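K.L.:
Residue numbers (this note's numbering), protein chains in the order written: chain A, 19 to 277; chain B, 23 to 471.
Derived from the structure by calculation, the hints contain no laboratory data.
Check each hint, because a few of them may be wrong.
Each computed DSS-like pair below joins lysine-lysine, with the alpha-carbon atoms no more than 25 Å apart [stated by the list, open to error]:
1. K269/A to K244/A
2. K114/A to K348/B
3. K40/A to K24/A
4. K80/A to K103/A
5. K268/B to K80/A
6. K269/A to K101/A
Negatives, chain A to chain B, calculated, CB over 10 Å [said to hold, decoys possible]:
7. E30
8. K40
9. D52
10. A120
In this text the structure is predicted, and so the values were computed from the model without any measurement.
The beta carbon of each residue, even a glycine, is placed where N, CA and C say it ideally should be.
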Amino acid sequence: MSIFSKVKDRLEDLRRPGYFKKYDHKFTMVIDLDRCNGCGACVSACYAENNLPVVGKEECGKSRALNWIRIERYVEGEYPDVKVKFIPVMCQHCSKAPCETACPVYATYHNQDGLNVQVYNRCVGTFTCATYCPYDARRFNWFTYKREKPLDQQYNPDVTVREMGIMEKGTFCIQRIRAAKDRAKDEKRALKDGDVTPACAQACPTGAMVFGDLNDPESRVSKLAKSPRRFRLLEELNTDPSVIYLKRVMKDGRGTSEE
Amino acid sequence: MAEGHQKSSMSYKDVNEDIYGIITRSGIGYYIICGLFGAGAAVLFILPWAYQIYVGQGVSGLNVPVFWGIYLVNFVFWVGVAHAGTLISAMLFITQTPWRRAISRGAETMTFFALMLVTLFIFIHMGRPWNFYWTFPYPTQRQLWTNFISPLTFDVFAIGTYTTSSIVFLYFGLVPDLAALSHTASGWRKKLYEFLSFGWRGTDAQWYTQNKACMFFSAFIMPLVVSVHSVVSWDFALSLVPGYSKTVFAPYFVTGALLSGFAGVLLMLSIMREAYPVMKKYVTDYHYDRIGLFVLVLSLMWSYLTLMEVVTGLYANTSQEIEHLKFKLATPPYMQLFILMIFCNTVLPLVYIVRKVRGSVFGRFVVPVLVLVGMWLERYLIIPNSLSRKFLPWMWQDYAPTWVEISISLGTLMMFISMFMMFVKVFPIIALFEVKEDIGVPMKNRKHH
């Protein structure tokens, strides 16, 4: 190996946030839009699991709702001949994430599980990650959000309560991933498919969301990811997102366009 | 340099007295105005900022796609205003341009105070400003380091270098002046000048060293004229956002910065000349002529690059770019703002083609103010506006600044004015030794170069 290619390899390593040649896991979510009926159960499950504050009508009107997952609705056509499309969008955990290059203090980086993680304590709130995010998946704590007295009992003890002035985003329920990895370690085995289910996938009544490890060729997501209906959101931006959507097939046999 | 002639009848003593007069001789009215601006800054800037820090960034008009509002607009605007100082002090110093001498100190002072506001606006726009020092690569027990591929880290270094070198350059120029003035001055000013001039005696060796130091710093600062605002533009150009992600941004921002900077210097000189008629001896029509030409050339360059920015978007022809351009160029409030911007920055500076206009009241006051307004609008139309129309239409959201943002912007402007007014009362706003160079050595040379 020539010295030139050695240096080149080293530099390419450095360009990869987190410096991992290969991730231990590559956690991926497959969302089947043919099964999704847009009920919003994933959204409320996310609120309950991740201690998301409910900010009220006025703040939502200013587009400041702190939903880590949202269901985007698009209406096409006029009344009798109307088509409604919807798509759940959360943090896509891009392998080449624009947000990771932007943070001056490394508050967001790629961990060894292939997840894009946010370190709340390190965040100084420059907004750059959110500005760079093409999916608008990041949410900001505009104020200190507190729950009133009996409601604070609802807090999930496994998840940090964020303070004012920091950025947050979907985590693929990293607390559940950590717990599952711990359990697997205690039982002296590797993490297997189905060990981890994020709150949104757990709540989905039609089973449209499937979560797993893309590095494991036998996992459900690996099989689903080979589907011809597969697409990823804004793939042309080359962010290499970890959320794979399966197109909805209409009556006439065509797939819905991916926006 | 025929225009230097009118000064040749002056002696060094006249120059000393004129400029010391600017420092000391002004009525109570001046201090009242200065105090009012200071009080305005305290009420309009400090109090709302304290409120924002206490309550949270939610008091601003920011929302989910539009995370960068007019704080960032002001940040880029003041970096721009700071640019003329560097150009005048460094580039024109190396090329030995004669008309920089009388205006260099004023421009450098503007740079200094503008950079203070730049730093302030970085803190103001942050969610947790009390942690600002985390952006510096300082040794820490927890082995945390800054992210060197982040354009914001580039910014920290670019603006840090720029601020440090501007202050040093300003001070190097001040040393001989303060020594000269310490003979004229009395009271606390005399003590201050004697202390700050570090025993400057004006020997040949000292002049040689001072000139060498200024030469070195000019060569050092010159690349900064291009690099600092390029780095600031990369905050935007290195993202994927339609309207931000353009390679034309670095030259576009640098040109715009110089345009607004020269307009700022022009306005500052005009106001100073009205406040101190004695300055009319030093800042003459010749200076207005030259700066006017500079503004004209920069405005033409800026117009070309604005056209290129729009054409780049059209040429890319992605649906996102087209939506962004539609929003910027054809949606009511922004369409009018765009037209106003083109009027202020492209159409209006064309009046400088006529030589007479460059020295007229219209050319000295109205044009620079409107150019500054236009340049502010340019940043407004780039920064929050591009974010309003990002990729997924579901998240499209408009932005309007709240009273907190507007009040902080006005308050910082007042702070700038009051600090500048205080600076004028302590330090010479015209570089004494450079003006004396213009006059030439008395007795020896009465027929000018």
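K.L.:
Among the hints numbered above, which are violated by the structure, and what are their numbers in rising order?
P.N.:
2, 5 and 10
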